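Engineer: When you get a sec, could you build the whole thing from the sequences and use the hints?
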Amino acid sequence: MPSPPPDWVKALTPAGPQGSELLAQERAQSNINVDKLSELLHTKEFLQRQDQLVKLLQPEKVFDKSQNHSLGRVERLQRSLAKAKRLQQLAEKHQWSMEELHAANELIGEPTPYGLHASMFLVTLREQGSPEQHKLFLERAAKYEIIGCYAQTELGHGSNVRGLETTATWNPDKKTFTIHSPTLTASKWWIGSLGRTANHAVVMAQLFIGGKNYGPHPFVVQVRDLETHQPLENVYVGDIGPKFGYNTMDNGFLLFNNVEIPHVNMLARFSRIDKETNKYIRPALPTLVYGTLTWVRSNIVLQSGGVLARGVTIATRYAAVRRQFQDRDADVNAGENQVLNYKMVQVRLLPLLASMYALHFTGRGMMRLYEENQQRMKAAASPGQDSRGAGPEELRAGADLLADLHATSCGLKALASTTAGEGLEVCRRACGGHGYSSYSGIGSYYADYLPTLTWEGDNYMLTQQVARYLLKSARAVLSGKSADNDTSRILRNYLDRREKGASFDILENDADIVDAFAWRTAHLTFEALKHRDAEKRSWNSLLVDFWRLSTAHSQYMIVRNFYEAVSSPNLSQSLDSDSKTIMHSLFRLYALHTLEREAAEFFSSGAVTVRQITLTRTVAVMKLLDEIRPHAIRLVDAWAIPDWQLDSSLGRSDGKVYEDLFHRASQQNPVNDLTFDPYPWNENVLKNQPGKSKL
Amino acid sequence: MPDFTDNLRPSQPDGPTTLARERAESNISPKELSEHLLSADGFLERQARILPIVQREPLFSKEKQQNLSRPERFKLGLARAKLLRRLKDQHQWSHDEYKMAEYLVDDVSPYFLHLEMFITTIREQASEAQRAEWMPLIESWKIVGAYAQTELGHGSNVRGLELEARWDSQAKEFILHSPTLTASKWWNGSLGRIANHAIVVAQLLLPKAGSVNEYVSHGPHPFIVQVRDMKTHLPLSGVVVGDIGAKYGYITMDNAYMLFDNFRIPHSAMLSRYSSVDPNTGIYTKPEQPALVYGSLTYVRAQIVHHARLVLARAVTVAVRYTAIRRQFQDRDGDKRGPEMAVLDYPTVQIRILPLLATAFALHYTGQSMRATYQSTREAVEQGDFRSLAHMHSMSSGLKSLCTMLAADGVETCRRAMGGHGFGGGSGLIQLNNDYLSKPTVEGDNWMITQQVAAYLIKKMTTAVDSLASPATDKTDAVFKEFVRNRGNGFSKAGLDVLASDRDVVQSFELRAAALTYDVYEQRVLKKQSWNSLLIQLHKLSKVTAFFESLSTDDFLSDSTKTVMWDLFRLFAFHTMETEAFEFFCCNAVTKSDLDRLPARVQELMSRIRPHAVNLVDSWMIPDYLLDRYKNYSFISIEDP
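Going line by line, the protein sequences match chains Z and A. In this text, residue positions in the first sequence follow my numbering: the first is 1, and each later residue adds one. In this text, residue positions in the second sequence follow my numbering: the first is 696, and each later residue adds one.
There's no promise every hint is true.
Said to hold, decoys possible - Dumping the calculated DSS-like pairs for lysine-lysine here, alpha-carbon to alpha-carbon at most 27 Å:
1. Lys174/Z <-> Lys135/Z
2. Lys343/Z <-> Lys1154/A
3. Lys687/Z <-> Lys757/A
4. Lys1287/A <-> Lys500/Z
5. Lys530/Z <-> Lys1287/A
6. Lys981/A <-> Lys757/A
7. Lys926/A <-> Lys687/Z
Rather than coming from a laboratory, the hints here were simulated on the basis of the structure. Please read all numbers here as calculations on a predicted model, not as lab measurements.
Structural biologist: Here is the structure:
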């Protein structure tokens, strides 16, 4: 690394006021109790664990982050595997729970090549394997004796699982399956942990028995030798190359040339082949899978709040430290204005600040509903193996709720991950020029997060599922057979009040804001239903309407969840009244800012008047920005993201932005070790190294 | 080593088959359209000639570059820049030909600042004597230069710069000094490891009249300064300079930090075409026309605006071809037997990509009008006529802001519309995204420079209101006056039929621009509201104004292509109207019933444009070499158009 700067450089400090002073001033002007708010968001237990983990991990050299942005792809992948190995050792040594390992992974700040083994491989074996298969695969996988991954998507096939081309053909004589890739587009693609790390894979393949296709099923296939780690014969496997982000993960490709595997390798908890009769046995409980997906998506919603919080924390702190131009109306001697005082910075950052709270509470609400419902379903189903023993009323209510939750989770996953992903980019740009530096800590994080917008269902594709559900619910409501859940309730309310009109007082009454969002969703639902059922328009021609409908519905869900959270007794008990007031302001900012951006749909559905929208835009939102502005720093502090995790010069909690940027540039930057020859006529790029430096 | 994968083929219909069918289905001639778009200044002919030359150089192969570390990638970038410069001599390339080669190689050149800002600043701001001294050295590459203006703590606000250039009247020298850490120069391209000279912008401090120890600042001024030793290439004593480290993109550029410790430079270092210090008396002579100091910035902005179309066209080309080939799910209403549906047939994909296709054309016409304005203004200024400077400055700011935002967001939208493969290194959009995303902040933060446009427009509105009775002086003035007159009678004259008349579409945009300007004018001038809270509305306003010109342009092509071009124009306009529906509705620029019909109209336009999508992107003639998409996977083999 470069030699230290001369003394006269070391003696320099940034022009005053210092970043540390500005942040201190920010913190002094707000009376929000940061600790209480942190505990409400994360629980005391989580915060303590996070502190302990940072203390344990940060000093270890293997987890050093300073060279992340300078290294090549190969070196980064190698170092990431080293990190994954070290984490696993620590997990065993300290007997970490899943939560602890997960928290540790979050802190080291990058996906590792063990990622898919630790999540999808283990989960799939556990959930879809029979007891025999647990013994054979899961136990060894849990001990890291075998390393696996989950191979579903293919070069030519993503969201549509039914379109997969890889085949698994049952050989009745040998009692084996033959796994085969008939085309190039059948190649497994994007498979995390497969490229260089895994020796096993759960492979999704079209099951063929006696020439008949039974659809995609999961098979455990060994792909590399356990001794040499070389690919097995007739297996062609490797890393798919550099990507926009996620470069510490070895996403892989995989092709099979008639590879034979034993009967026991088809995961058989739900469906299987009878070895004797060669007959296919149908899945017992298809809805169980439904539940897992709902859980995964709800989790993405919950995490999206934290993801956005990282960008907002960085951008908000930096906007308080960075000063630019004098206020045009202020005294000439006042010095430059903090960028956070500019309305056009506030209007980009503060609604995102509100969104991160909104998404967090929505994710929490979803998870709670999901857990409650699982309990209910389990209790109802528990009397015996035969679920028919349960009370039908109980089960029916549970199923209605699960259907509602499932559809809701699809739409919310799409909206929440898009909000977080795009929000990070807004934060990066709000940092101005320095946002473009890797040391801002936002760019690479954004790149690593972006796949979330595609996986577990592409965000645009998912919106169809929401629309389908809403149309179905609307038809049921019209025929008087509506289910017992919130969606049916808002649709019925709309029909009841349609004649009278809405007249919601969104500027004065918070509950009315929620109702206005519900009204717009119901209106769009019945409009879409009219297009589909009365006008008989094709499904395909309505996809844009469906996408808008799903977005409207998800925004309603967030507004409702946020409103319930800020009005809840739990929040009242945890926070003092000033903090509570600010939480209500955040709710209003999220809701009214969203309403203003979607103004056209709100007034054309009759939920609000044009006058109300104009007032929202010119008065209400501006006033909320003023109310929240003084508390902005404490509101991001409360998210309690450790500096080590942020890994950002701009977002440092001590405000030493410029010192840190300069330090990283001059001391942690390997480019400054090189002296170049700048002239075109000399083919050598480096000075005084004839021949060697030639490329 | 041959193995079983050698014989594997993509499932049918494969990429080439699909694209061939797409091309046959449309009656648009990519050749005709590409000539209309790109042949005016010989672009197409140049591209065809330069392409094979750069393509055969192994150093310009793009295959493995995404895997390299920052130091290795930077070395590769420099080696390429050197080779390009040598090829220029070898083939006797003109500047345009050289720029073409650079465009095709597609690296941000570490020589960029030497070739652009360094030389332009000397040309525009140096005195005759200084030009005579420096130009030969620059043009013969005896020295390599950079441009150092922004600082660690100071970006868009040039007046806030901290670096000092203090006049020492005894020694008759300037002393460059960085008083703080935030005074460090920062982001200055080509300076981190490459340049040995730089234009350094510093606060000019001159002794107060009749005083020895007191100094007065005369604001930021440019100086030409040697910063590295010509033999060792190490920084001179009293200068600390280096590369600022990894960035989101621009990996082949050595953006710099630089600090000075009481570093002495001669009197002749201050560029003195417009302002100067008398070496004997220390007396300062002011520039006649202060706006000229930003002359080179305006030039760079004009360049950025003109280039935006090609950036977006490239992204749209990749996205249209890939989504035409990519299939997913069966049509729900279909018989579910044939192949899956092409992703480009999904309206949810169309609505992301096709308006951007239309935008690429809008950017083209915008860039052209910007170029024309720049040329005519420069000519006028050379003649001593400064009247059109304010308009040009405002136009370049507004358009730079709008066009880079549209292109940057468009590249990212295209990348994401491709699903998983858009995330992969084979999409060819990753480095483009990384590099281009710097544009919304370089040469003035987009959100900041919109203020300049707004200030200009408020002034125009004030003039229009005050001189309502006198005849209009220009187009903007005419529109504003018309608006103010109609405002009195409640827009009774509006009644625009945007769905039926293209002329009315333009008028609808004019009306909205005037209405927004008037709102801001009213609040700022009449109600004296604080400037700050208006900035949000101002940003939207400058976005509108910028489009004014391009939408009024209607000298399109011959008949067959023209039909589709008009559809693209309408798609662009209606899509904007739909996105900003409320604002259009509020000022009566669109009626409620038209607004309700807009989504259906947009969808109809998209289905009319859809069959021509592949030929329309072909017309941009982006070579495969530049697209740098999955070459090695035959499943998406895309032939050169």
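Engineer: List in ascending order the numbers of the hints, as given earlier, that are violated by the structure.
Structural biologist: Hint check: 6 fails alone, others pass.
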